[in-house]
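Visitor: Given next are the chains, with one letter for each unit.
There are 2 protein chains.
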Amino acid sequence: MKALEERIRKDGIIREGNVLKVDSFINHQMDIRLFEEMAKEWKRLFAGKPINKVLTIEASGIGIAAIVAREFDTPVVFAKKSKSINLDDDNYTTKIQSFTHGRVYDVIVSRKFLGPEDHVLIIDDFLANGCALMGLLELVEAAGATVEGIGIAIEKGFQQGGALIRAKGIQLESLAIIESMDESGKIVFRE
Amino acid sequence: MKALEERIRKDGIIREGNVLKVDSFINHQMDIRLFEEMAKEWKRLFAGKPINKVLTIEASGIGIAAIVAREFDTPVVFAKKSKSINLDDDNYTTKIQSFTHGRVYDVIVSRKFLGPEDHVLIIDDFLANGCALMGLLELVEAAGATVEGIGIAIEKGFQQGGALIRAKGIQLESLAIIESMDESGKIVFRE
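Residue numbers (our numbering), protein chains in the order written: chain A, -4 to 186; chain B, -4 to 186.
There may be inaccurate statements among the hints.
The list cannot tell twin chains apart, which means a pair is met if one copy fits it or any two copies do.
When the alpha-carbon atoms are kept at most 25 Å apart in a straight line, the in silico DSS-like pairs for lysine-lysine are as follows [unchecked claim]:
1. Lys5 / Lys163
2. Lys76 / Lys90
3. Lys107 / Lys181
4. Lys16 / Lys35
5. Lys5 / Lys107
6. Lys16 / Lys76
7. Lys44 / Lys76
8. Lys107 / Lys16
Read the hints as simulated data drawn from the structure, not as lab findings.
Could you build all of it, start to finish, from the sequences and the hints given here?
Guide: As structure tokens, this is what we get:
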């Protein structure tokens, strides 16, 4: 998606270790107008799919997912990263390794909000090694729900996550796929 | 707001210790249509205020804030609950006591995204003792920004937070204020 690629070139900051900071418009400050353009693009890309729920994971996926769900006219369920005393024990659970934060999270979704009747669009801001997405796919499978597709804002095409997901035959639509980047600011997007 | 009060009566679950679970429509599964109605109500209540930014705190505030920001045509900034290696050191920082999770969080907002030019609408799902809001107000004050108002979905009117905030002269608009509730399911809303 041109608008997102241009925004990444303009406002993204590349740091050592293949870190791309997009905190001025995606995951700390959120540009809601841009999110709406992204939502409309996913609406086009997933046209005809019987999506009745958007699934994401806290925290930075939630804003994008809310705007996407508005476009699809569905609720959002966000997977939670740790057990709170406000949650029932009746949850689907998995563990996700976060390389960004250097730890393993327990991730849960209540059984009440995901079931065999659900046709799910998974939304997240980043795809790199695919650990978070694999965890969400496990939760959807445990619920007996159907994954209709996955929408990602920014995919690091030089990491394995995208290939792993596509090899499963799932429709994965990343709006910007980075082939390579370096600290001089050079970014090459996949055509 | 009638629609929210009715939804709380219908789908809210009251647990021991004055816990109100609204995870089927507010803070685990999110009813985006309801969020839009809430956003329009805040738009009406804060009409004429020069709001140029919505501020919230991860995670459950983010979805509501995104829909509200769409209505106000502003970006959202969400305060983060712990330091990630993806964040600069150049942050406003405070500590917030969470009674729900039984711990103290470091809460940060990057200096890049909050400054003297900002007129902020703070949005959150719950107001009880006011600890989270007081923390956000500290961050806004540290940034030299102006608080134009606070929009809360559900206020526990029998706890101190609302009175503390209103005593500061800040326009606080809670869309449902619970005067009392008990485990039989009885809820009394403030008129």
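Visitor: Against each hint, give a clear statement of whether it holds in the structure.
Guide: Hint check results:
1. Lys5 / Lys163: Cα proximity of Lys5 and Lys163: none, with 34 Å in one copy and 40 Å across.
2. Lys76 / Lys90: both (9 Å within a copy, 20 Å between copies)
3. Lys107 / Lys181: between (46 Å within a copy, 23 Å between copies)
4. Lys16 / Lys35: The answer is within: 24 Å in one copy meets 25 Å, while 33 Å across copies does not.
5. Lys5 / Lys107: between (42 Å within a copy, 16 Å between copies)
6. Lys16 / Lys76: both (22 Å within a copy, 18 Å between copies)
7. Lys44 / Lys76: Answer is neither: 28 Å inside a copy and 36 Å across each miss the 25 Å cutoff.
8. Lys107 / Lys16: For Lys107 and Lys16, the Cα distance is within 25 Å only across copies (13 Å; inside one copy 35 Å).
Violated hints, listed in ascending order, are 1, 7; each of the other numbered hints is respected by the structure.
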